[in-house]
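Assemble chains B and C onto chain A, guided by the hints.
Residue numbers (my numbering), protein chains in the order written: chain A, 42 to 249; chain B, 42 to 249; chain C, 42 to 249.
Warning: the hint list may mix true and false statements.
If chains are identical, the list can't say which one is meant, so a pair holds when it fits in one copy or spans any two.
No more than 25 Å apart at the CA atoms, straight line, and that leaves these computed lysine to any residue pairs for SDA-like [as the list claims (entries may be wrong)]: (1) K67 / I181; (2) K66 / I118; (3) K66 / N179; (4) K66 / P237.
Honestly, the hints are just simulated from the structure, not real lab data.
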Amino acid sequence: MDYVLLVDILGVVAFSISGVLSSLKKRMDAFGILIIAFVTSVGGGTLRDLLIGTPVAWLRNMTYVYVIIGTTILAVIFRKKLSYFRRSLFLFDTIGIGLYTVLGIEKGLAADLSPIVCIALGTTTACFGGVIRDILCNDIPVIFRKEIYATACILGGITYFVLLQFGFVESIIFISSGIVVILVRSLAVYFNLQLPSIYKNEEINPES
Amino acid sequence: MDYVLLVDILGVVAFSISGVLSSLKKRMDAFGILIIAFVTSVGGGTLRDLLIGTPVAWLRNMTYVYVIIGTTILAVIFRKKLSYFRRSLFLFDTIGIGLYTVLGIEKGLAADLSPIVCIALGTTTACFGGVIRDILCNDIPVIFRKEIYATACILGGITYFVLLQFGFVESIIFISSGIVVILVRSLAVYFNLQLPSIYKNEEINPES
Amino acid sequence: MDYVLLVDILGVVAFSISGVLSSLKKRMDAFGILIIAFVTSVGGGTLRDLLIGTPVAWLRNMTYVYVIIGTTILAVIFRKKLSYFRRSLFLFDTIGIGLYTVLGIEKGLAADLSPIVCIALGTTTACFGGVIRDILCNDIPVIFRKEIYATACILGGITYFVLLQFGFVESIIFISSGIVVILVRSLAVYFNLQLPSIYKNEEINPES
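With the rest of the complex left out, here is chain A (with noise of 0.2 Å):
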């Protein structure tokens, strides 16, 4: 229990420092980076407590709002000396996505739906902060152009729902999918994978 509180901790903590960073770049004042922060951490878990219909958690969390705040505020002031910890927070970030798909996935299992769309639910939980802070940064959103990120979750919520076929217990299971996410995250960014590009060098003129 306490782990998965401190996990999720570390999760928020990585999503808020993202949000923050990507506001900096856009030069936002100081509500718009909180705004950022607020949205990047907690988007995803809104945007599938909404779907599912289920309370909003951090309306009734105030753990999260502190943890927010907090981490906005330390990092606009260390600002400069975030790149010292980069590794921390990729590491924190992958550990956040690998628990928040696992979170999603047993959320949407709670509300008895299908394995595709808990696993839909488990990615949206892990991937949709960081959508809606891009669209707030007038951005695409980067999970839509580049890198293995969602894939992981999608494979991990995979692995989650193959576990659960064989019979493993639930404290397995949880805790694989979340490894396989992190495994396949880091592995991807460690050999710079990306998913097959379906565009090699066509020029690409659809009609519309």
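Chains B and C in isolation, oriented as in the chain A frame:
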């Protein structure tokens, strides 16, 4: 019943393909393309369900999920051939918005909402998938700028309530309103009609 | 009671006009202008209601719908004269965000949420209509970049809970907090105040 489902699926196919085309233009990767196809297809209905407060339909109906995934894969593979189907795609899309407008209106009526709000919900169902697609692709939503598209849905919605007023049976109202949407949209494209411009050579210079 | 409704309507008028002005700058057609006016007016309250899980108010209150449609039509027709009303529009807008902040806080309190979350919901009610307007117009939300706007709402929210702590009666708290929002916002514009910049001549170059 089965006719409605068939028409619905044709609409989903057309919407998915329009999402694939938009995301190819932005050179998204496989994951991005799938997400854009998905939100284009189900975004309007999802927003309507969230506003009304009814459960989001596609979470519990795997037909949509399978059709969207299948269409997206086929559309990416045969993307260079899609221009041959332009006429069919336009037809599917037009029939789709006709159906979605009426389905949205009936969801609003079931929630006991007033005619104007029902028409707004019908139009939302038909048009907002495309709006969310354009936002995620970082474009100004195309239906805000040109073409008789939403206007066709609004006229179909007005038809619905006029016929309801005159006491027609439900199936006649359903089909007639849908046909009005399809006719207005088709004629507008055929004759290249637009809403009367409110700009006519003027230099807009509003104080902000 | 009637005063609240009157102030609310003045706010809706100001928000609708701000939506009309934004969409005219993007040369949208009549449908686009109406949609932007609509989301600017009701977007903040809608997001708040979705987050809390209460029914979306404007779906069942035709007053908003009529006021928005009427204001939009008049604003488009007299768009060249709007600069004469700049001062009144600023006043309406400022009074509007004062009211919306307090209404949002009270919705949060009714849902038994903590003060910080209530202040966030009040600020959301007042400010997120404009955020959604700017996203749909493909701009970075203006309130993330400049001006004391959201900050005025946050200060009004803090006032609310300080007065609540001291046991003042509800109507006094309501009016005083609203007036704090209005005063802070007016003084900020009058003296051209901004949040203290966190950039001061520095070159932002964060690692991503």
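Status of the hints after comparison with the structure:
Within a single copy, K67 and I181 get their C-alpha atoms as close as 14 Å, and across copies as close as 9 Å, so both meet the 25 Å cut-off. For the identical chains of this complex, K66 and I118 are intra-copy neighbours only, at 15 Å inside a copy versus 37 Å across copies, given an alpha-carbon limit of 25 Å. With identical chains, the CA atoms of K66 and N179 are at most 25 Å apart both within one copy (12 Å) and between copies (17 Å). Taking the shortest alpha-carbon separations for K66 and P237, only the inter-copy value of 17 Å comes in at or below 25 Å, while the best intra-copy value is 30 Å.
Hint compliance for this structure: no hint is broken.
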